[in-house]
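Participant: Residues per chain are reported as follows:
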Amino acid sequence: EAGVTQSPTHLIKTRGQQATLRCSPISGHTSVYWYQQALGLGLQFLLWYDEGEERNRGNFPPRFSGRQFPNYSSELNVNALELEDSALYLCASLRDTQYFGPGTRLLVL
Amino acid sequence: QKEVEQDPGPLSVPEGAIVSLNCTYSNSAFQYFMWYRQYSRKGPELLMYTYSSGNKEDGRFTAQVDKSSKYISLFIRDSQPSDSATYLCAMGPSARQLTFGSGTQLTVLP
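Residue numbers (my numbering), protein chains in the order written: chain A, 632 to 740; chain B, 114 to 223.
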């Protein structure tokens, strides 16, 4: 069974630009979670999608947004990038518990 | 006070040692407890998953949950250099709502 996949693996942007990150859940999983893992800060919950709907969001500004497609894949968009958005962005899908992808490392210069 | 507290380490042990990793929490509604292992620059990998109190063993790994003390532990027996990673505890009222510890960095020296 293929795991959670994310693309791209690395992304370099400059301040003020927009970033789009993509995630494909494990086949049969309908829920997708996004987390930010900044250096030294642990995993911070960003967004939860289930059956195409946003179910919950963490304490992040509105410039962090996303969506879930009919095939349950998901996209995270970060607008007006700031230097502190540099982090590893992790996607997870849910069955009995959350299973993580390899992450997208975003660097904002 | 954070909802989940985890000693960040770093923790360094010789090969073959028994490693004890711990987390404390404050929310009595937490019923689901997980341990993830994260190698450098990779995504977290699920190691152990327990529901409510008790012990669970899987090979060299044992997870313990003490809900009365709001304390969970992960024990690694006969530690190997390949166990060198960051270990994250995670817990919540359901697997849909997890709060993560900040991670403990473990190095097992050959």
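Calculated from the structure, these hints are not laboratory results.
Check each hint, because a few of them may be wrong.
Stated by the list, open to error - One-sided and incomplete, this derived list gives chain B residues near chain A with beta-carbon spacing under 7 Å:
#1 Gly122
#2 Pro123
#3 Lys155
#4 Gly156
#5 Tyr162
#6 Pro206
Predicted model only: the values in this text are computed from it and were never measured.
Just so you know, even glycine gets a beta-carbon here, dropped at the ideal spot from N, CA and C.
Participant: Which hint numbers doesn't this structure obey?
Facilitator: 1, 2 and 6
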